[in-house]
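S.K.: Next come the chains, spelled out residue by residue.
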Amino acid sequence: MQKIGVFVCWCGSNIAATVDVSAVSEALSHEPGVVYATNYQYMCSEAGQNTIKDAIKKYGLTGIVICSCSPRMHEATFRKTAAAAGLNPYMVEIANIREQCSWIHKDMATATEKAIILGKAAIAKVHLNAPLTASQSPVVKRALVIGGGIAGIQTALDIADAGFEVDIVEKSPTIGGKMSQLDKTFPTLDCAACILTPKMVDVAQHEKIKIYSYSEVEAVKGFVGNFEVTIRKKARYVNENVCTGCGLCTEKCPQKNVPNEFNLGMDKRRAIYIPFAQAVPKVATIDANYCMKLKTGKCGLCEKICTAGAIDYSQKDQLIEQKYGAIVVATGFNPIKLDNFEEYSYSQSPDVVTSLEFERITNAAGPTSGQLLRPSDGKHPHTIVFVQCVGSRDTSGCGKPYCSKICCMYTAKHAMLTREKYPDTDVYVFYIDVRTPGKNFDEFYRRAAEEYGVHYIKGMVGKVAPKADGKLMVQASDLISNEQLHIDADMVVLATAIEPDKSARPLATMLTASMDTNDFFTEAHPKLRPVESPTAGIFLSGTCQGPKDIPETVSQAGAAAAKVIGLLAKDTLTANPCVAHSDEMMCNGCSSCEKVCPYGAITYVDKEFRMPDRTVAIRRVAVVNEAVCQGCGACTVACPSGAMDLKGFSNSQIMAEVDAICK
Amino acid sequence: MQVNEIKEFRPKIVAFCCNWCSYAGADLAGTNRLNYPSDVKIIRVPCSCRVNPMFILRAFQRGADGVIICGCHPGDCHYTSGNYYARRRMTLLFSMLDYLGIEKERTRVEWVSAAEGAKFAATMNDFVETITKLGENKRLEDLRCKE
Amino acid sequence: MDNKEKQKERILRVSGVNVLKCMKCGKCSGTCPSYDEMDYHPHQFVYMVEKGEIEPLLKSKSIYKCLSCFACVERCPRGVEPAKIVEAIRLEVIRKQGENHLKPNQIPQLLDEDLPQQAIVSAFRKYSK
Amino acid sequence: MQRIMAEKAKELLQNGTVNRVLGWKKGEFVYDITPAVFNNTEEIDAEFVYDDFCANNLSKYLIKESRKEGKVLVFLKPCDTYSFNQLLKEHRIWRDHVYAVGIPCDGKIDLDCLKKQDIQGIVGIETQNDNFIIHTLYGDHTIAKEDALAERCLNCKSKKHVIYDELIGRDGEVLDSHRFDMVEKIEAMTPDERFAFWRGEFSRCIRCNACRNVCPACSCENCVFDNPKSGIANKAAADSFEENMFHIIRAFHVAGRCTDCGECSRVCPQNIPLHLLNRKFIKDINEFYGTYQAGEDTESRAPLNIYNTEDVEPSIVYKKGGNH
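Top to bottom, those sequences are chains A, B, C and D.
First residue of the first sequence? That's -13 in the numbering used here, and the numbers climb one at a time after it.
First residue of the second sequence? That's 226 in the numbering used here, and the numbers climb one at a time after it.
First residue of the third sequence? That's 165 in the numbering used here, and the numbers climb one at a time after it.
First residue of the fourth sequence? That's 155 in the numbering used here, and the numbers climb one at a time after it.
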């Protein structure tokens, strides 16, 4: 039997004016288990807290009930008071007789009656409280950033600048991501490379950052503060530490016919290659799918000419095990495949391009060295049609239901730049809505229309058909003049919807981080915790969470870094002790709890049990990771056998409260 | 001996409130001194998904006349998804109680945010009024639990 | 419900189309091969039905110019299915007594030898009860 | 069929594929069939039976049987395969210890129907087109199938085997059954009528726990009704509340997991139509969250373990659900 002390607070006149506090302490003093009951003007004051501490010591109290203001106000205060007197802080219960009693009732008799019932409920609950100890776990002071685009780069730099070790895992041979493929950036028209490449160099030179390029995350174990990650470093057949990046091999390699992914296949590279001039790390990589030496054993030219002796045809994939305290997901996006949009003739005409391809065509380092030329015949185009929302805002199943957010702005940019460099070009933009919220965004779009004479037409392109004369027939509606237009265009640029990178889904499974139906990572709270995943220790940076432009990505990357720094700055993590707990003797191993857990805190193990008949049985039982569980209780109801319970809010505690209230 | 003592019916109402939204909303109702009947007694739970159908039946068994569950608005759950599970569980439970002929008005789910003190008070006033009209819970009570 | 609303209700029911899904992009009209023959265009059909302006559509020649090629249905990004609206309006007209758009005795002079048999059958389905 | 199955069982025992067979054997009378484990061919020859009385769903027995050494052969009727699959999904059965043979089923006899027809002294049964010929000590009775089949068989949801290692006979189809008709009928009653209906049914409950013990979904290591810590433990339904509570909680615990195999109603000695509770949940789930058949596969998430942000609000119950 607990020895319970009851402390009724007057809260000056806030409670005492409508609740007869002495009647409450008198009534509660007769409850079973109550050995001491008193009332005082301000329980939260030092004198009030001393009353509590003294009573705990004097009466050897094992539990206390404070009838006062809301626990949201002073629960923490009174827990500290209890702890100071040597009582477990989780042996404290608060009966809310201010916000939920004295302040809402006018009649003293009813308010007093209700206060007594609330007090009784708290006493009933504290009878079943058990001392709880928050578990502590150490924090590994190293962060992993998955993805080396601008999001990953910024996050890594910010974390490293705070003095913590950071590893970046990037699946392609260089960091830089999509931003390195862009020409100019809206709305200021800075050259993307000019602002990105210095950051890439910063990353390479930072003593706290290690880049695992051409690598992928293979497995993730553990939990916040203590992740164990296996990284697969793919064989690139070049010794990274020796290669000087001179590029001689990439010029001499006889295999010249490899589609260059950096230019989206619009030109060719060699089988040994450096993706682009400013690549980081600047080392060559051999493409095993095309290298003749690796495929047939004949050639070996690169090895012969490499003065540094960096070529190593015998290299194998390497598995690296590393521990991290926090993981940042920055896996980015890709334009969608256009297989479902045959009406735009993307697969039939090389002159129908995606916006990212257009970006490469206009880039000085691109396949046309920055000359705006038609892919089909290399001639200068005179009429260009831009089509917005290709696959975005599409609920028919062909595309994506969401707005890709960046297309309105980059299309305005493309249209503007085209008109600026080639004033003899007619530029049409077909739009459903032009969406330009953002600093200086709408001004930018209006400039394209007003100063650069881009024809913005409210309507949609229904059909693009290649014509015999090499032009493209564009059939579209103009909803404002209510006519159907037929434009003979030289080029058509499709503002293709973006989608999360395909690697994100299996990664989310490894991390037990949740995703929405579009494969974007979900945030812990859409408004208040936008850069954290519900899974503790996993943070989100950039477009893996939702479509974003560069400024937004960079600010989110910084925010994610701040959260990581806040975590890594701690030496140990104190978990909330009010967590779920499974009684393994009752657990069926059915996985219901695992399915509803938003944090991936529940795993299953096969465990040996000694049965009453002295045999040993192996049973599958749930195990809660207390460092990860946040204590919502979803699992307790999902559990059919009632094996799962929540500490601090157990089934029996809540039922005891119900009983006391209904008595 | 007193005979035919007519007592005014005062319903017993149990309100389960999630810690992050509805309990805070109830606190706000108090801070703003918004009245609602003292028949409502609140039990704090971490999340609406902590509410087990067994708790609701237990309340009725012990003489409650109405049970209301309050949680964060869908999409605003502190734990991201708890109230979505609660919504499914309660929909099915309430439908079953109705199927068994138990007055469906005795149970309710209401989404109350931490900013909706006024909504909390209005909801409770309305719920108490509904239950008072329905009268004592007879269809789902345990006679042994009566005084 | 007044007559106008009843008529709208009937069109919606017969077509099974939810006109509120339309985000007014105009792709239906951008894709329509009969656009220039029409006085009202596919996107207008959707919008006018939404507003309850059925009368002008009933009198419109567009309902006979629609080829029922379903390009608009195929390409609508929101799954609105404008051609089904056109079809419903057409049915509204031809289901009235004596409102057949085409009668068998009108057929011979319209035939030419390139006309596929399928088109004739389809025309009967579309233009008469 | 019995002969083919017995041959199959013996073959698999002899070639070592399995070391036990889970099937049915006769009780004292031909119609009181019990599930049984056969350890060798002699036992099969002596006691194995499969006929129109073999109604038991054997999948639940696999929870224990599959944990033993070696492989066990089990015969599964179409509806049993759903239970089997559902238990696999819940990791209750060790799949690699089971060899599942799907067998056809044309519906099983409801003994109460025979009783009602005053058919006594049953010694055998035969099928003839749409009739059963019941052999009794007092001569043969011909009874139309629809008058003798159990309700769950008349409203059979599926003749398809959703999982098996081997199939005897041909596989069937998922059927368009009328299994929700009675639920709809109850829903259409007034609350008072519904209350009276269920009081009438539940008041007969003697808390024998037969429904719980036979139910494949009720396979908890420790049932909440046996667990003093659960707060709702009780052994006997002492009053109307406990009668209600037991059945509500039981139905809720199996909601989304119940495959509607109908064993609960079959075994109830008081003939309480317990399946109508489960079907109500199934019907609601289908209406609110999209059609879901528990046990149809092993991958999909149970409707109560998943959600959709656009789900209906609980207030839908006030709007629909019966008269008032």
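Be aware that a few hints might be false.
Straight-line alpha carbon distances no greater than 16 Å define the calculated EDC-like cross-link-like pairs of lysine to aspartate or glutamate that follow [to be verified]:
1. Lys162/D with Asp186/D
2. Lys172/C with Glu251/C
3. Lys222/D with Glu594/A
4. Lys188/C with Asp599/A
5. Lys649/A with Asp367/B
6. Lys581/A with Asp393/D
7. Lys473/D with Glu330/B
8. Lys311/D with Glu450/D
9. Lys162/D with Glu196/D
10. Lys188/C with Glu594/A
11. Lys222/D with Glu469/A
12. Lys363/B with Glu196/D
Read the hints as simulated data drawn from the structure, not as lab findings.
S.K.: Each hint should be assessed against the structure and marked as holding or not.
M.R.: We went through each hint and held it up to the structure:
1. Among the hinted pairs, Lys162/D with Asp186/D is inconsistent with the structure: their alpha-carbon atoms are about 24 Å apart, more than 16 Å.
2. At most 16 Å may separate the alpha-carbon atoms for a hinted pair to count; Lys172/C and Glu251/C meet this at roughly 14 Å.
3. Between Lys222/D and Glu594/A the CA atoms are separated by roughly 14 Å; this keeps the pair inside 16 Å, and the hint holds.
4. For the hint pairing Lys188/C with Asp599/A, the CA-to-CA distance comes to about 73 Å; that exceeds 16 Å, so the pair is violated.
5. Under the criterion of a C-alpha separation no larger than 16 Å, the hint pairing Lys649/A with Asp367/B is consistent with the structure, at around 12 Å.
6. In summary, the hint linking Lys581/A to Asp393/D is not supported, as the alpha carbons are separated by about 36 Å, beyond the 16 Å threshold.
7. Proximity of Lys473/D to Glu330/B is assessed by CA-CA distance (about 11 Å); at most 16 Å being required, the pair is judged to hold.
8. Taken as a hint, the Lys311/D and Glu450/D pair is honoured in the structure, with Cα atoms around 12 Å apart against an allowance of 16 Å.
9. Of the supplied pair hints, the one linking Lys162/D and Glu196/D holds, its CA atoms being roughly 14 Å apart against a limit of 16 Å.
10. A threshold of 16 Å between alpha carbons decides the hint, and for Lys188/C with Glu594/A the separation of about 63 Å lies outside it, so the pair is violated.
11. Proposed proximity of Lys222/D and Glu469/A is contradicted: the alpha carbons are some 77 Å apart, above 16 Å.
12. For the proposed pair Lys363/B and Glu196/D, the alpha carbon gap of about 60 Å is over 16 Å, so the pair is violated.
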